[in-house]
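Participant: Residue-level listing of the chains:
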Amino acid sequence: MRPIAYARTTSASDAVRRASGSAPSHAEAPVQFLGGGTQLLDLMKLDVMQPTELLDITRIADPRMHGIETTPQGLRLGALVTMRQAAEHTAVMRDYPVV
Amino acid sequence: MVLGAAAEARTAAAPPARKMAITLTVNGRAHALRIDPRTTLLDALREHIGLTGSKKGCDHGQCGACTVHLDGERVLGRLTLAAQAEGHKITTIEWLADGDRLHPMQAAFVEHDALQCGYCTPGQIMSAVACVREGHAGSEREIADYMSGNRCRCAAYPNIVAAIVSAAPAIGRA
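In the order they appear, the protein sequences are chains A and B.
Quick note, in this note's numbering, the first sequence goes up one by one and the last residue is 99.
Quick note, in this note's numbering, the second sequence goes up one by one and the last residue is 174.
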């Protein structure tokens, strides 16, 4: 894996500000958000993703980012909802078993 | 392999990573470490703290040999950066036994012969304890579902399930 810096933020707007830059797409941006890390760290080991900084966003307390909402329009999963939370959510199990 | 060699050359040319100071609370004890930010939780436990019970299997989060608990929930030590684990309570296989007295799940694995080579066993047992505490040990089918992240190349699966069934009442839900 390439050398990286690790940083944390507790604010969503700060995270967006720090990650926005000149890269043509977020996937190519040097600053990548670190949530669970399952996909990102694996792809970094394979040298597919090549960020220079990981910004740990798991300590952002915004309840919407940790919440699951179901409305007549559909399902909204917050960016920091874990796989386990989603898998055990009653409405997800009932209405979205494939998810 | 050409691709691999090219990737390695690029990696070698990159500047050395700066170390960062973190404190990890493992099995009730605080450990102050200076680590490369890339260090995974598994490598921090094994290489820096000397707790080698958690194993490195596939290194890609597919086999579960590196399973440890973070605040009581199972995580893959190989796909978690050590820095991410700072401020959380980390528990490893070394914490389960009370001296020479095995944890009920460890004793059940012995009793039911739930291993052959034993390499996956620390991860299996950490997952098994969490599986019971989560309330996912209601049936053999449910146990198999919620233990599916832990591979056993010796295929001791039926015995692993039997061990979990027998240890579940003594452990109980969280």
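Think of the hints as simulated: they come from the structure by calculation, not from any bench.
For clarity, every value in this text was computed on a predicted model and none was experimentally measured.
Just so you know, not all the hints are guaranteed correct.
[Claimed, not checked] Interface residues of chain B toward chain A, partial, derived using beta-carbon atoms under 10 Å:
#: 1; residue: ASP36
#: 2; residue: ARG78
#: 3; residue: LEU79
The beta-carbon is built from N, C-alpha and C at its ideal position, and this holds for glycine as well.
Participant: Now, for every hint given, state plainly whether the structure supports it.
Facilitator: Status of the hints after comparison with the structure:
For B:ASP36, the suggested interface contact is upheld, since its CB lies about 7 Å from the closest CB of chain A, less than 10 Å. Hint status for B:ARG78: holds, given a least beta-carbon distance of 8 Å to chain A, under 10 Å. The closest approach between the C-beta of B:LEU79 and any C-beta of chain A is roughly 5 Å, which is under the 10 Å cut-off, so the hint is satisfied.
The structure agrees with every numbered hint stated previously.
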